Structure formats: C-alpha cells, structure tokens
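> Input sequences plus hints: build the corresponding full structure.
In order, the protein sequences belong to chains A, B, C and D. Using the numbering used here, the first residue of the first sequence is number 1, and each one after it goes up by one. Using the numbering used here, the first residue of the second sequence is number 405, and each one after it goes up by one. Using the numbering used here, the first residue of the third sequence is number 809, and each one after it goes up by one. Using the numbering used here, the first residue of the fourth sequence is number 1041, and each one after it goes up by one.
These are calculated hints, taken from the structure and not from any lab test. There's no promise every hint is true.
To be verified - Derived Cβ-Cβ restraints for the label pairs, each shown as a range: (1) Asp810/C x Asp38/A: 39 to 47 Å; (2) Gly461/B x Lys1156/D: 50 to 58 Å; (3) Asn1250/D x Gly363/A: 39 to 47 Å; (4) Lys1057/D x Glu430/B: 18 to 26 Å; (5) Gln60/A x Arg811/C: 49 to 57 Å; (6) Pro423/B x Thr990/C: 51 to 59 Å; (7) Pro460/B x Asp810/C: 52 to 60 Å; (8) Asp38/A x Pro927/C: 31 to 39 Å; (9) Pro1242/D x Gln33/A: 41 to 49 Å; (10) Ala1015/C x Ala419/B: 19 to 27 Å; (11) Glu430/B x Asn1018/C: 23 to 31 Å; (12) Asn1250/D x Ser858/C: 44 to 52 Å.
Source: prediction; values computed, not measured. In this text, a Cβ means the ideal position worked out from N, Cα and C, and glycines have one as well.
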Amino acid sequence: AAGAAAVAHAAPAPAEGDPDILQAPEHTTGLGQPVVTDGYGKPSKYEANVQRRQSPGLTQTRQASVSFAPLQSLFGIVTPSGLHFERHHQGWWDIDPSKHRLMVNGLVKAAKVFTMDELMRLPSVSRFHFIECGANTGMEWGNVAVPTCQYTHGMLSCSEFTGVPLITLLQMAGADLKKGRFVLAEGADGSSMTRTIPMELVESGQVLVAYGQNGEMLRPENGYPLRLVVPGVQGVSWVKYLRRIEVGDQPWATKDETVHYVDLMPDGTHRQYTSIQECKSVITTPSGGQVLMDQGFYSINGLAWSGRGKVTQVDVSTDGGRNWRAARLQGPVMDKCLTRFSLDWTWDGKPALLQSRARDESGYVQPSYRQLRGVRGTRSIYHNNAIQTWLVEESGEVKNVQLG
Amino acid sequence: AAGAAAVAHAAPAPAEGDPDILQAPEHTTGLGQPVVTDGYGKPSKYEANVQRRQSPGLTQTRQASVSFAPLQSLFGIVTPSGLHFERHHQGWWDIDPSKHRLMVNGLVKAAKVFTMDELMRLPSVSRFHFIECGANTGMEWGNVAVPTCQYTHGMLSCSEFTGVPLITLLQMAGADLKKGRFVLAEGADGSSMTRTIPMELVESGQVLVAYGQNGEMLRPENGYPLRLVVPGVQGVSWVKYLRRIEVGDQPWATKDETVHYVDLMPDGTHRQYTSIQECKSVITTPSGGQVLMDQGFYSINGLAWSGRGKVTQVDVSTDGGRNWRAARLQGPVMDKCLTRFSLDWTWDGKPALLQSRARDESGYVQPSYRQLRGVRGTRSIYHNNAIQTWLVEESGEVKNVQLG
Amino acid sequence: QDRFTGIGRDATPAEVKAWDIDVRPDFQGLPPGSGSVQRGQQVWEDKCASCHGVFGESNSVFNPLVGGTSKADVESGRVASLKRTDYPGRTTLMKVAYVSTLWDYIRRAMPWNAPKSLPVDDVYAVTAYLLNLGDVLPADFVMSDRNIAEVQKRMPNRNGVTTRHAMWPGNEFGGPGKPDVTGSTCMKDCATEPRVTSLLPPHAGDAHGNLAEQNRLVGPQRGRPPEGKVVA
Amino acid sequence: QDRFTGIGRDATPAEVKAWDIDVRPDFQGLPPGSGSVQRGQQVWEDKCASCHGVFGESNSVFNPLVGGTSKADVESGRVASLKRTDYPGRTTLMKVAYVSTLWDYIRRAMPWNAPKSLPVDDVYAVTAYLLNLGDVLPADFVMSDRNIAEVQKRMPNRNGVTTRHAMWPGNEFGGPGKPDVTGSTCMKDCATEPRVTSLLPPHAGDAHGNLAEQNRLVGPQRGRPPEGKVVA
Ligand code: HEC
Ligand code: HEC
Ligand SMILES: [Ca+2]
Ligand SMILES: [Ca+2]
Ligand SMILES: [Ca+2]
Ligand SMILES: [Ca+2]
Ligand SMILES: [Ca+2]
Ligand SMILES: [Ca+2]
Ligand SMILES: [Co+2]
Ligand SMILES: [Co+2]
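If you want it as structure tokens, here you go:
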C-alpha cells in the first residue's frame, strides 16, 4: 500500500471539520514576539532537521573532512549560507579581516600587497555560481554507497558571490599576460591550499577575488574574509582564506592537483589538472531515503549545472531511461550556475525508476554510468557526473540504485 | 583632512614589511576547527555589527513595529534571511507547519482546504523579487529624520521565493474569474492581516503562495510556513502566516488599505489602495553615517528597483543633481527585483552631493523631492520614492541631507 | 482539475464559518447582532482603555483613535482638520471612511493581546462607543446589523478618500493610469540648485546609537563614531 | 593603473620572501639546503609517525603514504599496482609524480597540527626518508637542492600521469579539446535495460542515521524511519 513505510497518515478530520481550523490556535488569539528578538535571525524550530551533515566513516579526521548540504530539503537555486557544504583540509578559521592581506607576485612588474579595505574599494561584480567539490558523488563510482542525495550530491552549493575580478589586480601589478599563462592561488590556513588556475579564465573576467556571499561576507567555513571564485571549476580551486596570487609560466603540480583531484583511468594513468565540473544533474525530490506519502500527482524537482556554461535542457525519465520528457527550467538560467528543473508526474503506485539528464550549451550531454565507466572505469574518485537513479518502491520508499 | 573623523589610520608598515605578513599568524601555523561545528552555520564574529535594527522612538510597541535591514553592509541583491527587514502588526510566531491550513473560499465552485504537505506537492516556481514596506523612507517626507541608509531605506529586502502560483489554487477551487476581480488574503496571526489583491496580478501567475525563501523555508519573522508573494506591491500585501484566500467582486477596505498605507494629499483626501512600489533607488556605499577613510578612487554602489517591472537605467550624480552619469547595472536584471548598480568615482576631498535616479521599463523616472512634494505634499507617510542625497564632507563624513 | 487529484479537499461549512470573518463596506460578511453605546463603554473600559486611554486619546501604545473630527465633518463627510498642515497627528476617526473597516478590524485584531475574544454583540457595542466618543453617534444609540448602513452615512471622513491614482496594479478603480509624479531625465547642467535645506542636528544622529558599531569593521568606509569620540 | 591610485602598495622583498614558498616541478622556488635519510628518520619519528605510522603505513588519520611501489616502478616510472583493479587503496608514493609536490606540501602543510614549523633542511631530510621508506632512495642518501633533479628521475610514478583530457579550462595541455565521454540524447524507447544492479543493503542506510530526522517534517515526501521502526 502506498505510504506503508511512512509515518502514520494524519487521522481524517471529523465530519464538522478539522480541529486545526475550528479551534483557533494561540497564535491567532494572542500577541506574538517583538521585532529584533534576533538582530540576525535563524530558521524555524520546526526546520531543525535541515542541517549539513558528515558521512560517517568517509574521512578519518574531522578537520580534513567534508559536510554535505541537505539538497533534498532545498528550494530554488540559492543555498542558504548556513547550509553551504564544507570541505576543509586543515580545519576552518575565523580570521580577523583587518589583519588579512593579499599578495600578488611572480611575473608582474611589481609585487603588490592589498588590505581588505583596499580590495573592497575596487569595482566589484556580483554573480550567481555553483560550487561543486571534485569528489562529489565520488563514493558512488563503483557501486551504491550512501542512502540520500545529501550524501550522493551534497558537496554542491550555489551562491551570489561578490568580489573584484582577479584580472583587475593583475593589471594593477603589471602582470605579464603573455608569458604568465598560469596563476597560483594560495590560502592562509594551515593547509595553505595551492591550485593552478588558467590565465585564460582569469582574462575572461570570470575569476573573482570574492568577499561577499549571498549579500553578506563569506562565512568562516567558506573562506572569510577572502576566497577565489573560479566559475565552472571544482571547489578545491576556489581557494579559501586567499592570501596570495602568483603569476607563472608553468603549472605548479601542487598536491591537490597532481596527487588528489586526479582521475585514475583503467590503464593505471592519472589525469592531472582535471578542473572543469562537467554537466550534471540530480533529482532532489523525490530522492533516496524519502517516502512518498500517497499516490497521485508529484512535481519531480531537481538541480542541473555545468562547468562549461549554461544548462540548455534537462530530460527526466520515470522508467529507468527508456523514455524521457523535457523538464521545465526555472529562469533565469545563468552561466555556471545551478538551474532548477521540474516535471509533473502522477505516481500510480507501481515501482518507478527516476532519472534526470542535463545538457549544456557546449553540446555536452550528461552520461549514464555505463557510458562514463566505459571510458573512465570505476576508480576515478573524482568527477563522477553520471545520471543518478532513484527507485520508487510500491511502498513509497525511494532508494538509491544503479542500473546495469 | 580626509578621514579626519575616522578611526585612526593603520600605522604605516615598518620598512622591512608588514608584521601581518612577516609574522605567520596562528591560523597559518595551526590546525583549525572541524566540519559541522554548526549544522547550520553563522557569520564571522567580526561581522557582529551587521544586524537588523529598530529606529528608536519610531513605534510605541515592539510587536507593532519594524526592524531595518543593514543595506550599508550588504552586497549584490540577495538579502541574507537573517537580516531580512521585519514588520509585524501583532508580533511574530513560529507556527507548527503540520497544523497550518490554507482555505480558499468566496466566489469559487467549492471552498477548499490545503495542508502544507499538499501545497508543497504542487508545481512550484522560484523567483527573485524585492519586498519593500510601503512606509519605507516614510520618516523623511518632511525633512531629514534619520542618519543612515539602514533607517532611511532598510524596510527593503530581496529573496528568491519558492511557491505555488495562487492562480493554480484558484483554478482548483473553480474560481469565478469573471465576477471575482478581487482577492482577499488573510493571515493566521493575531492581527490576521487582510489586504485586497487585484485578480489581474493573480491571473498573470506572478502572485505566489510561497513557502521557500533563499533556498530554505521562510523565516518565522517573515511568515513561516506560508506567505503571499505579490511582486511589485508593498510588503503589507505579502500576507504572512497566510491562512485564507477569498475571491470577491469588491475590495474589502481593510484597515491596512484604507486607514493605513493610504497617502494623504495636500487637499486633505486620502488615496486608498495605493499598492505599487514605484521606481526607486539608493546609494548604499558611501552612505549616511559612514566616513571615507581616504581620498581617491571609490566605487559608488547602490540598489534600484521598480514595482512596475525591470530597472532600465540608473543615473548617478556627485554634484547634487546638476550632472549625471549612467551607472553599470549588474545582471541579471530581473522583473520587480533589486538591481545592483555601481559607478567609478574619484573623490578629490572636496564636499560632494551623491544621488542616484532610477528608471524602469514603463518609462517612469524616479522623482526628486521637489517633484514628488510638488504633487503629493509632505504628509503622505507612505510611498516616498524621492531621490536620496548624501553629503560627503571634507572630513570624509557622509550625511543624510535634503536639497531645496 | 483532475490533474491534481487527491490534493486539497472541500472545506466544510463549519470551517468556512470559523475563518470567513471579513466584513466588507457593503456589509457582506457582517454577522447579525447589536450593541449599545452604553454596553460599549463597559467593554471599552474593561478591555481597551488600558492601552488606548479612557477617551481613546492615548498615544502610549498607538496613535489616538479619537479626536480631530467635528459635527460639521459628520455632515460633510470630510474631515476638515486633514486639510490643515498645522494639525498635530491623525487619529483613526479622522481617517477611517467605512464603519465596516472599524468593525472588521476590532473583531479580528482587538484587544491587541487577546484578538478575536470579543463576542459579536460586543464588537457592535464598542464600535458604537468609539463613534460616540467622536460625536458621531448619540449616547443612547444601539448599533446593529440593521442600522449600520445608517451609521455609515455619518462617518466623518466617508467622502475624504479617493482611488484615483496609478498605484493599483489592476484594471479596477479606473485602471493603472498615468503616474502622478514625473522625474527628469536631464543629464548635463541640469537646473537643480544643490543647496542643503535639511540636515540632522548632531544629537539626532546619536539618537540612533553609535554608528561605528553599525558598520562593518573593514571596507573603504567605516561607521562614524559618536560626536566627541572622533579620532583625528 | 593610475585609475586606482592609492589602492595597494608594492610588496617589500622580505614580504615576498615570507610568503612566496611554493616549489614547482622545475624547482623554481626551491630554497637551498639538504638533509639526510638518517636525519629524516629522526624528524619522522618525532613529528610524523604519530599520525602516519612508523613506516608511513597508517590509515588512522589519513591514507597510507608509503606502500604499493616496487624497484621495477622506480625503473619504469610507472606504478604497476595502479593498473590492478584488485589492489587495495592507493598510497601517496603510488600516485605522486613529482618530488617537488612532496617537498612543497610537507613544507607548507606538515606536520598537520604545526604546519610550516619544519626548518628547510628537515623538509629535505623527511622527504628523503619517505622516499627511502618506499625504496626510492638508499638509506645513506643526502638530498639537497643540487641533487633533487636526480631524485625526480627515480620517482616511481613519474611517467604515470597525463594531461590529455578536456577538463582544463585553458589553452594549455593541448587545449580544452573534445570531452571523452558522450551521453545519449535518445528520448523514446531507448536501449537501456533498467535492471537494478546495485542497491544499499538496509543496514548501510542506517549507517547514516535516522533519515526521518534528516528530512523536513512537512512536504509531499518524508524521510524514511529506521528499519524496524516503520509504521504501516
Ligand atoms: C494591549 C494593548 C491594546 C489593547 C488592550 C487594545 N488595543 Fe487597540 N490597538 C493596539 C495597538 C498596538 C494597535 C495598532 C496595531 C497595528 O499597528 O496594526 C491598536 C489598534 C487599534 C485600532 C486601529 C487603529 C488604527 O488607526 O489603525 C482600533 C480601532 C483599536 N485598536 C480598537 C481597540 C478596541 C476596541 C479595543 C478593546 C476591545 C482595543 N483596541 C484594545 C493596542 C491595544
Ligand atoms: C597530527 C597528524 C599528522 C601529523 C603529525 C603529520 N601528518 Fe601528514 N597528514 C595528516 C593528514 C590528516 C593529512 C591529509 C591532509 C589533507 O587531507 O589535505 C596528511 C597528509 C600528508 C601528506 C600528503 C599525503 C597525500 O597523499 O595527500 C604527506 C606527504 C604528509 N602528510 C607527510 C607528513 C610529514 C612529513 C609529517 C611530519 C613532518 C607529517 N605528515 C605529520 C596528518 C598528520
Ligand atoms: Ca583523498
Ligand atoms: Ca501608522
Ligand atoms: Ca490525498
Ligand atoms: Ca468573506
Ligand atoms: Ca591609500
Ligand atoms: Ca613562487
Ligand atoms: Co574537494
Ligand atoms: Co509596512
């Protein structure tokens, strides 16, 4: 029976009507709370289940670890900053912004130092972009490993970022853009994260030295007071606590671009500097670990994104990929940004296999597991952008599955 | 001297260099905090000044009152939900969503009741819109009254709202759209706020029965679990704790559309049902109560919006309106949404009068105080969308002024 | 709509009755009942006067409800003091055009700390008492659903309102129309006289607290410290 | 850029020296110095072994650093075990292609709880010791800026890496190129066999806690309660 696995259905209302309507609640007959109980407010107490979470056993320490955003409970495209996924290599810090400095050196006329006061004085832009960890969905390369889309896809968030185009700072330092085709970004925390960024992307104006996130300053967990924003590129390149930018004529082969965030191919070679997050999508409701309460109409909702530009189409299948329908895309569809899609669906109570498949403006189409593994095998850890399948059982339970 | 009124400038770095660079701080030489110290995170401790605030003496009680968003400290267009302005008439509540109901009645085939479970099952849309209280800038009709843009313009916020178009629910109830040209929206709190909404706007699909705000559920202060979203219309119509929608053939003349939120004209008549928030803008940095730290380059930043559609142009003057330059508009420019603008400016240390003037796609141009008062006098309280002037003094101090 | 079968259900008559409490200017929604000015005084003094004052004159928790209207206003339906620019404040009775607005609001929202607690007859009574305080109704009046239309004809500001404006986003009230105020698009050498005519006195700025503590600690501009605490 | 006069200043040489610590594969940035395997063992046992194990084999705080490489790999520059699908896990020495990567990372980030505390000579020493543990360097080796290029020639996986792919968003490494994997655009009666081949065993779902508590309390779908707590 539909919803059998769910918590008991609400008792039917008595014939004269629902007591929640007939008996006026306290909030309709009393005086509520004053303004500014909180100068900075927080969610309802009834939303306490909506939290970012660790995946037990995934990492051996909690400072070199990750927490996942609860995608199954989010709407639209903005990720509330309090629920933004976390990835730290040596723990997070709350750095005094008045003491933070940014240095620009390397192939420049004169190495430069900027204070936060100065950076925030320069012309800024604000842009909506997704950020996805290169290891997102990494646990699922070989087989199903985790139960919900929080854990399969939750190293993904999307914010409005505000900052100075990095190219402005490079111009101020007199960077040699001819020889200097590579840029090193370095953080100020213990890991002093370093990643190589292509000058091409910097020259396009897309790479930002950002201090703002969703209208306020970055959160400490996300790099306060300064982080690099590298649209379309995996999160590890969005260096947090950014302290230094170096212009160079060669890539740096840092640990996190040549030992981690590398893709192991079936022939035993590692692909290095794999940076772009390729086109991907996931249905967030209904999704794994949930239970449908009833048969009938559902709106299938999900997220699509591409590191190569705009999402152009998302197809949804409810029969495991045999037939597909184009979903509605919620505008504005922005460059290298999450795009919310939805499709009407009437659940007849029979088992169903839900899938979504995204395409981007480069013509790229999100692959199935069979297609992805056909080229890359099952040991890559990073950059798993395969089509996700959710099995809806007759009981209404939704399970994470892979097809073969 | 520039910055004379400011806190003391930072001492110049010693010749060999800045100690904040030469001496590695603890965060560069230690291990930071683990993931998920907070399942729902919060801003940096250094951001404690960025709070919503009451204006002392503005209201006689704190439950029928308002708190203002700190516009002077925000970036981009998204208002962090924790800083969203508040306006309550009988206090705020944190309502149990499992007990909340929405009724649709009046000129409908059958009156309907919906649970939150059901509403969240219907096809939803997500859209970015500003919300502005009709009384925003109301204290300034006659003269300058408050020091900062938090108090002059802070009854303004902007979010990504998610919900069901109200027209879907009216169709489900079989509403008579021919006779029923007015809609009443009613809240579930003590004030049971009621406002009349035009069916025209509902039919356009723009009016939403919303539960989502910036990716999560609405905040209790903003109507959790359900509020009406009426794009372009003053905030009081965005009924919070929405419990009922009635379709009717006449407007309701509720207290908050015929006794308040009415505009007193010079001839002593009150305009009723003045709902649209007309095109308006404000420079948020530099703005009143701030001090420029130095002469030289500044980016003048601000917000523009219109209840009639998209902002098409924003002009900025630094000489009190004698000369204007078109500002950059940050995309995407969305319908009935905040639009961030900016203009490069080099401050020569002399007094300056900063102003911004927005235009919208209907052809409307934001008026000066003289133009606005010429028609409406000085006693309207509501719908003050005059051009704001900030005086930059030689000391670097910025003051709220009005010109004549 | 078959499309959404199983979503939503018909409301029961008792449910609609419980929530459909609004009252329109044409008195649609007004429940039958009645109350005297005398009874209204009792209700007022028990449940309203503590906040609004014995004569509705208090502004300690909200603007005064009563005052500023005259017998002449009751005749003309226009409150004369609204035309004066020197009249201090505006009371509810000066502004309210429809008796239904008062009745509906008192029923749904008052007393402020116990909204919806008044029996229907007491809503009639206290509304009548408020109008008596404003010299609109005589002291021996008993207001009811049957004579409320007569009361409407005595509302002091019943003719003092208009819907002729461009700020209703629908086609009613004569349609959206042309905005009443027009800004200028002049870009160069415009005819503005940039003379500062209004400015906060320093103490008024301090009335909003320490502005240095209301701005971020970094950035190209900071908040101004209180007068006298300025650092050179 | 005169446009932004007064914003930013030239860095002093001491400042650049303090922060410009990166070391590239061509050894740009490598400071002069040296350290023996023997000294490295001392450093390792004092400052590293507690987390990484005496032989770099521990996986209690991180993956093992050492293991899985052979003398043959040192010759070929390809780690053979990476080709095997049955080899459990991948150590750092199996993957790392450049000695500079190790050197740079140890200097900037290790020991994990006291990053940047090692003197330059100790970074040489402990890097040498790690490579000795992996049979890349002999026990009497003294690594320095002068012989590090020779060490590079012995890195077991130095030939095991490629940059031929379409995931670099620049024109280097042969340009962005054509993606390696292609999805299908079939919309009707597609040739997929929707057979479930992988599924979590129930206990694995419970390994992530009570999913009912990880979903909102309202909405068209709820979180699944733990096995055995299901309500019919
Ligand atoms: C505990 C304080 C309190 C009590 C008791 C109280 N009121 Fe009020 N009243 C208020 C406040 C505060 C407001 C303004 C609410 C708002 O801002 O929407 C108000 C508003 C009103 C208004 C609307 C005035 C306007 O211009 O908007 C009327 C009419 C009114 N009250 C009548 C009554 C009556 C009749 C009673 C008793 C049956 C009563 N009040 C009891 C505090 C109170
Ligand atoms: C307190 C625990 C701790 C100590 C002490 C420690 N490490 Fe580590 N080490 C770690 C952790 C945790 C990581 C993984 C960091 C990450 O995820 O980025 C790591 C990573 C490494 C790596 C990179 C491995 C890879 O594949 O990414 C190397 C090399 C390394 N350590 C060497 C050392 C050396 C040399 C020392 C002593 C000088 C040392 N470690 C001391 C915990 C420690
Ligand atoms: Ca790893
Ligand atoms: Ca008022
Ligand atoms: Ca049902
Ligand atoms: Ca009604
Ligand atoms: Ca300067
Ligand atoms: Ca360098
Ligand atoms: Co990552
Ligand atoms: Co308001």
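> CB of Lys1057/D to CB of Glu430/B, is that within 18 to 26 Å?
Roughly 21 Å apart at Cβ, these two residues keep to the hinted range, so it holds.
> Assuming the hint says 49 to 57 Å, is it satisfied by the Cβ distance from Gln60/A to Arg811/C or not?
For Arg811/C against Gln60/A, whose Cβ atoms are near 51 Å apart, the range 49 to 57 Å holds.
> Given the hint of 19 to 27 Å, check if Ala1015/C and Ala419/B actually sit that far apart at their C-beta atoms.
The hint (19 to 27 Å, Cβ to Cβ) is violated, given that Ala1015/C and Ala419/B are roughly 46 Å apart.
> For the pair Asn1250/D and Gly363/A, does the Cβ-Cβ distance stay inside 39 to 47 Å?
At 43 Å between Cβs, range holds.
> Evaluate the given range 44 to 52 Å for the C-beta pair formed by Asn1250/D and Ser858/C.
Distance hint for Asn1250/D, Ser858/C holds at roughly 50 Å.
> Can you let me know if the beta-carbon spacing of Asp810/C and Asp38/A is within 39 to 47 Å?
holds, 45 Å
> Given the hint of 50 to 58 Å, check if Gly461/B and Lys1156/D actually sit that far apart at their C-beta atoms.
holds, 54 Å
> Is the distance from the Cβ of Pro423/B to the Cβ of Thr990/C consistent with 51 to 59 Å?
Between Pro423/B and Thr990/C, where Cβ atoms are some 58 Å apart, the hint holds.
> I want to verify a distance hint. Is the separation of the beta carbons of Pro460/B and Asp810/C within 52 to 60 Å?
At roughly 57 Å between Cβ atoms, Asp810/C and Pro460/B fall inside 52 to 60 Å, so the hint holds.
> Regarding Glu430/B and Asn1018/C, is the given constraint of 23 to 31 Å on their beta-carbon distance met?
Check passed, 30 Å falls within 23 to 31 Å.
> Take the C-beta atom of Asp38/A and the C-beta atom of Pro927/C, compute their distance, and say whether it sits inside 31 to 39 Å.
Given about 37 Å between the Cβ atoms, the range holds.
> At the C-beta level, are Pro1242/D and Gln33/A separated by a distance inside 41 to 49 Å?
holds, 43 Å
Checked against the numbered hints given earlier, the structure breaks only hint 10 and satisfies all the rest.
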